[in-house]
Amino acid sequence: MNEVHKKLAVLKNAGFIVKYKDQNIIEVYSVYNQYVATINLTELIDELVMRKLLIRDSMLRDLKVANDFVEATQVILESHTTSLSDAELTEVEMKNSRKNKFKYLLVVIPKSSRAECIADLQEIIADMKADNCSKFYIGFTVILNIASVAYHALFFKLQGYFYPAKQQSKND
Amino acid sequence: MSNYNLTLQEIKILSALEIEEMYGYQILKEIQSKILLGSLYNSLKSMQRKGYVESKWGDETGQGGRRKYYSITALGNKILNDTRIELAPFFKLT
Numbered sequence: 000m001n002e003v004h005k006k007l008a009v010l011k012n013a014g015f016i017v018k019y020k021d022q023n024i025i026e027v028y029s030v031y032n033q034y035v036a037t038i039n040l041t042e043l044i045d046e047l048v049m050r051k052l053l054i055r056d057s058m059l060r061d062l063k064v065a066n067d068f069v070e071a072t073q074v075i076l077e078s079h080t081t082s083l084s085d086a087e088l089t090e091v092e093m094k095n096s097r098k099n100k101f102k103y104l105l106v107v108i109p110k111s112s113r114a115e116c117i118a119d120l121q122e123i124i125a126d127m128k129a130d131n132c133s134k135f136y137i138g139f140t141v142i143l144n145i146a147s148v149a150y151h152a153l154f155f156k157l158q159g160y161f162y163p164a165k166q167q168s169k170n171d
Numbered sequence: 000m001s002n003y004n005l006t007l008q009e010i011k012i013l014s015a016l017e018i019e020e021m022y023g024y025q026i027l028k029e030i031q032s033k034i035l036l037g038s039l040y041n042s043l044k045s046m047q048r049k050g051y052v053e054s055k056w057g058d059e060t061g062q063g064g065r066r067k068y069y070s071i072t073a074l075g076n077k078i079l080n081d082t083r084i085e086l087a088p089f090f091k092l093t
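Chains A and B are the protein sequences, given in the same order.
Letter by letter, the first sequence follows residues 0 to 171 in numbering that gives the first Met the number 0.
Letter by letter, the second sequence follows residues 0 to 93 in numbering that gives the first Met the number 0.
Certain hints may be false.
In the DSBU-like style, the derived pairs of lysine-lysine whose C-alpha atoms are separated by at most 35 Å in a straight line are [as the list claims (entries may be wrong)]:
#1 A/110 x B/55
#2 A/110 x B/67
#3 B/44 x A/110
Some chain A residues flagged as far from chain B (calculated, every beta-carbon gap over 12 Å) [claimed, not checked]:
#4 24
#5 26
#6 136
#7 137
Cβ-to-Cβ under 7 Å is the rule here; a few derived chain A residues that face chain B [to be verified]:
#8 21
#9 42
#10 112
#11 124
#12 138
#13 150
#14 151
These aren't lab readings, by the way, just hints derived from the structure by calculation.
Note that the structure is predicted; figures quoted are calculated from it, not measured.
From the three backbone atoms N, C-alpha and C, an ideal C-beta is built for every residue, glycine too.
Kindly produce the complete structure, drawing on both the sequences and the hints.
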């Protein structure tokens with residue numbers, strides 16, 4: 000139970016949205032509502048149970064544990080999505096709106112390097128979080144990098160306009 | 000810097016890519032320069048236009064982001080070696 004619960008907690012903490020397709024299948028979406036993955040809980044649970052069975056010798060005891068585990072997990076997972084209080088919902092909405100602001104900021108990045116820039120920024124943020132950098136420093140670095148990408152794209156696009164002679168000599 | 004109009008930053012990037020193909024942030028870490036992403040992408044795109052490096056998209060899918068892997072071309076390798084030979088006397092390496 001702990002392992003499935005931990006896996007879902009990791010997804011939730013990472014800002015993913017979990018939607019139930021049916022009782023056993025969940026779909027995971029990013030904060031921007033982009034589809035990420037489909038997880039079959041039965042398979043996940045079976046895999047974890049099999050691991051337990053391989054580790055332990057007592058099959059019957061573990062099957063009983065497995066049944067309890069499946070039932071308990073389903074109850075926890077159902078309550079996880081339906082029992083959010085108003086305060087928690089507001090907190091989630093606020094968190095999502097903060098992330099949406101970041102999404103709008105990304106519009107500044109030119110399309111030519113948007114996808115790779117987002118991937119690199121995510122890794123930079125993850126690295127800085129691992130180094131326990133302050134939120135302000137992380138935010139400052141991200142904005143600086145976004146500004147740098149936008150500046151370089153625009154400046155070099157307009158270089159021919161500002162310095163036509165230089166551009167002409169380059170072309171020659 | 001050289002006959003090929005390469006900046007020191009571009010030489011560093013080519014040297015990093017000589018070992019293996021890398022994506023943007025990986026290159027930043029490899030060359031250990033305090034440069035911003037914009038400057039890096041600009042250098043990479045400039046070299047891509049000249050045919051020194053080539054790029055391909057990675058298979059990973061993240062939250063809207065996708066890694067782009069850059070690798071050095073045969074022409075890029077030749078240019079890098081020529082530039083090294085050209086620069087060696089300046090650093091008394093010959």
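Comparing the hints with the structure gives:
1. Distance hint between residue 110 of chain A and residue 55 of chain B is fulfilled; the C-alpha atoms sit about 16 Å from each other, no more than 35 Å.
2. A C-alpha spacing of about 14 Å is found between residue 110 of chain A and residue 67 of chain B, which places the hinted pair at or below 35 Å, so the restraint holds.
3. Proximity of residue 44 of chain B to residue 110 of chain A is assessed by CA-CA distance (about 14 Å); at most 35 Å being required, the pair is judged to hold.
4. No beta-carbon of chain B is positioned within 12 Å of the beta-carbon of residue 24 of chain A; the least distance is around 20 Å.
5. For residue 26 of chain A, the condition that its CB be more than 12 Å from all CB atoms of chain B holds, with the nearest at approximately 14 Å.
6. Every CB of chain B lies more than 12 Å from the CB of residue 136 of chain A, the least distance being 14 Å, so the non-interface label holds.
7. For residue 137 of chain A, the shortest C-beta to C-beta distance to chain B comes to about 15 Å, beyond the 12 Å cut-off, and the non-interface label holds.
8. The interface hint given for residue 21 of chain A is broken, as the beta carbon of that residue sits about 24 Å from the closest beta carbon of chain B, more than 7 Å.
9. For residue 42 of chain A, the interface hint is violated, the least distance from its beta-carbon to any beta-carbon of chain B being 21 Å, above 7 Å.
10. Checking residue 112 of chain A against chain B: minimum C-beta separation of about 5 Å stays under 7 Å; hint holds.
11. The closest approach between the C-beta of residue 124 of chain A and any C-beta of chain B is roughly 11 Å, which is over the 7 Å cut-off, so the hint fails.
12. Checking residue 138 of chain A against chain B: minimum C-beta separation of about 15 Å lies over 7 Å; hint violated.
13. At about 6 Å, the closest approach between the beta carbon of residue 150 of chain A and any beta carbon in chain B falls short of 7 Å, and the interface hint on this residue holds.
14. Satisfaction of the interface hint for residue 151 of chain A is found here, the shortest Cβ-Cβ separation to chain B being roughly 4 Å, below the 7 Å cut-off.
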